[in-house]
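A.B. asks: Listed here are the chains, written in short residue letters.
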Amino acid sequence: MDNQQQLEILRDRFGPEIVEWKEQWGELTVVVKPEAIVRVCEFLRDEPGLEYNFLSSVTGVDLGVDANPRFEVVYHLYSIPQRHRIRLKVRVNEDQPVPTVTGVWKAADWYERETYDFFGVTFEGHPNLRRIMMPDDYEGHPLRKDFPLRGYRR
Amino acid sequence: MMMSDTPMDEEQRQQQLAEAQSKSGQMGILTARFEDLIQWARKSSMWPMQFGLACCAIEMMGMISSRNDIARFGAEVFRGSPRQADVMIVAGRVSQKMAPVVKHLYDQMAEPKWVISMGVCASAGGMFDNYAIVQGVDHVIPVDIYVPGCPPRPEMLLYAMMKLQEKIERQRMHEQIEQKPKVQTRTEPIFPKKAYMK
Numbered sequence: 001m002d003n004q005q006q007l008e009i010l011r012d013r014f015g016p017e018i019v020e021w022k023e024q025w026g027e028l029t030v031v032v033k034p035e036a037i038v039r040v041c042e043f044l045r046d047e048p049g050l051e052y053n054f055l056s057s058v059t060g061v062d063l064g065v066d067a068n069p070r071f072e073v074v075y076h077l078y079s080i081p082q083r084h085r086i087r088l089k090v091r092v093n094e095d096q097p098v099p100t101v102t103g104v105w106k107a108a109d110w111y112e113r114e115t116y117d118f119f120g121v122t123f124e125g126h127p128n129l130r131r132i133m134m135p136d137d138y139e140g141h142p143l144r145k146d147f148p149l150r151g152y153r154r
Numbered sequence: 001m002m003m004s005d006t007p008m009d010e011e012q013r014q015q016q017l018a019e020a021q022s023k024s025g026q027m028g029i030l031t032a033r034f035e036d037l038i039q040w041a042r043k044s045s046m047w048p049m050q051f052g053l054a055c056c057a058i059e060m061m062g063m064i065s066s067r068n069d070i071a072r073f074g075a076e077v078f079r080g081s082p083r084q085a086d087v088m089i090v091a092g093r094v095s096q097k098m099a100p101v102v103k104h105l106y107d108q109m110a111e112p113k114w115v116i117s118m119g120v121c122a123s124a125g126g127m128f129d130n131y132a133i134v135q136g137v138d139h140v141i142p143v144d145i146y147v148p149g150c151p152p153r154p155e156m157l158l159y160a161m162m163k164l165q166e167k168i169e170r171q172r173m174h175e176q177i178e179q180k181p182k183v184q185t186r187t188e189p190i191f192p193k194k195a196y197m198k
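Chains as they are written, first to last, in this note's numbering: chain L, 1 to 154; chain H, 1 to 198.
It is worth saying that the hints were derived from the structure and are not from the lab.
Don't take every hint at face value.
[As the list claims (entries may be wrong)] A few chain L residues that face chain H, going by a derived Cβ cut-off under 7 angstroms, partial list only:
1) 103
2) 135
3) 142
4) 149
[Stated by the list, open to error] Once the Cα atoms are required to be at most 27 angstroms apart in a straight line, the calculated DSS-like pairs of lysine-lysine come out as:
5) 97(H) <-> 180(H)
6) 103(H) <-> 180(H)
7) 33(L) <-> 89(L)
8) 180(H) <-> 145(L)
9) 97(H) <-> 106(L)
10) 89(L) <-> 22(L)
C-beta atoms are modelled at their ideal positions from N, C-alpha and C, and glycine is treated no differently.
Looking at chain H on its own, in the form it has when it is part of the complex:
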């Protein structure tokens, strides 16, 4: 409503109000598909779980800070406990020792849950093609969105959250729980031991 300066506009204001109400049906009844409303509610209030493992965590903090504000997308609080979180942002390299912990925490999250794999280390092992790093967290948990970058800029991660919101919007409710993304099985053969190795 417009702010009026003079008291004479009170009548005009009442008139405008009446006009607006008649056009919008007095802010009356909205009909929509139940599923659409549920998915809208889910995507607009995704609470991430803080899971910064390595350097990507710094860029994730950059996304949380006021410059690139993730709270305006509904991710108001970063929950410390997996039981209270919706989306798990795996930010950083996952070592062989940490992999069962990641799985454990993912299992503790309540449905519906999603995973964003942030950075190349979490998506595909990154620059670490060695004995200690799992080559992509999708060997351990199902991942919905992959974000490349080393580290990805906060804007990229924000775009990933938006993409996840679009994905949630077009998913059916039962699909979310029954049809998770695929978890990779081991594709490399076990390295053969040469004769000179003891």
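Here chain L stands alone, though its shape is the one from the complex:
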């Protein structure tokens, strides 16, 4: 399905909850409000014609210490039957939790743990939210912009 067609379907269904959308280099990016992310994901997975059954990845972006909202959580979705892609973004601050999408795709489990480990974004309702790559007692979130490259302790 075409990018513009997908966008039309989403806007018909979730009009006020879509904050922004952008199409660049053949890729569609849709920014939604954090409260609506689970419903949007369920709709994208279950709607015939869209059928986004494959969560490629969930990552984070730190927009800088002074940005408000500071973090972006990016979801890359791929549809194996329909062979189209879409990118969803959610913008949050440090203390705002994001609802988890592990109920929609099981793969989100470890991806969200990684985003928590490296950015400090908490996911509400996550079954096992703890550090995945850094040691369990590590302090700090390494991929934030104010975290030094070499770390605080060697």
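Here the structure of chain L is known, so what remains is to put chain H in place on it, guided by the hints.
C.D. replies: Okay, now just chain H, sitting in the frame of chain L:
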């Protein structure tokens, strides 16, 4: 002994044998220092422990394979268990999370034991000067031989094994256990937190 074609050479063969035996004392008694023999035995049968952590493990496998054969130097088998191994070849980068595991496995090895740190990541952190990688495994365990390279060629690692053999040869037996190489202590100061960091 030379292979003879004709049966007439049997007598000649017996004669040659007798000559050889008289010269070599009938393969009789050898006297040597006990320590030399022990060190010779230790260096000629060093069994490595397989500890491939990252990409250097591939070159270590290259060293084990038939082209660069490490078995001809006595390292016949790579033991999976540290309790049965003599030398630990740390092949690859050691992350902060893996460092206590490396220490644990090193402690489980029986004396005498040696460590070869293979590649720049294990020797000095390599290209990864960041929060996640220990800057050299010698912060965690004492290292005998460092091998540079990213990754080092199998011939380089083989040369390192030979160098370790030379080191064992000239060491005294008690030195091996009492005088281990130095484990580095932290030399970098703790990075100061700037005012704008939360």
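A.B. asks: Could you run down the list of hints and mark each one as holding or not?
C.D. replies: Structure-based check of all given hints:
no.: 1; hint: 103; verdict: violated, 29 angstroms
no.: 2; hint: 135; verdict: holds, 5 angstroms
no.: 3; hint: 142; verdict: holds, 5 angstroms
no.: 4; hint: 149; verdict: holds, 5 angstroms
no.: 5; hint: 97(H) <-> 180(H); verdict: holds, 25 angstroms
no.: 6; hint: 103(H) <-> 180(H); verdict: holds, 15 angstroms
no.: 7; hint: 33(L) <-> 89(L); verdict: holds, 9 angstroms
no.: 8; hint: 180(H) <-> 145(L); verdict: violated, 42 angstroms
no.: 9; hint: 97(H) <-> 106(L); verdict: holds, 26 angstroms
no.: 10; hint: 89(L) <-> 22(L); verdict: holds, 11 angstroms
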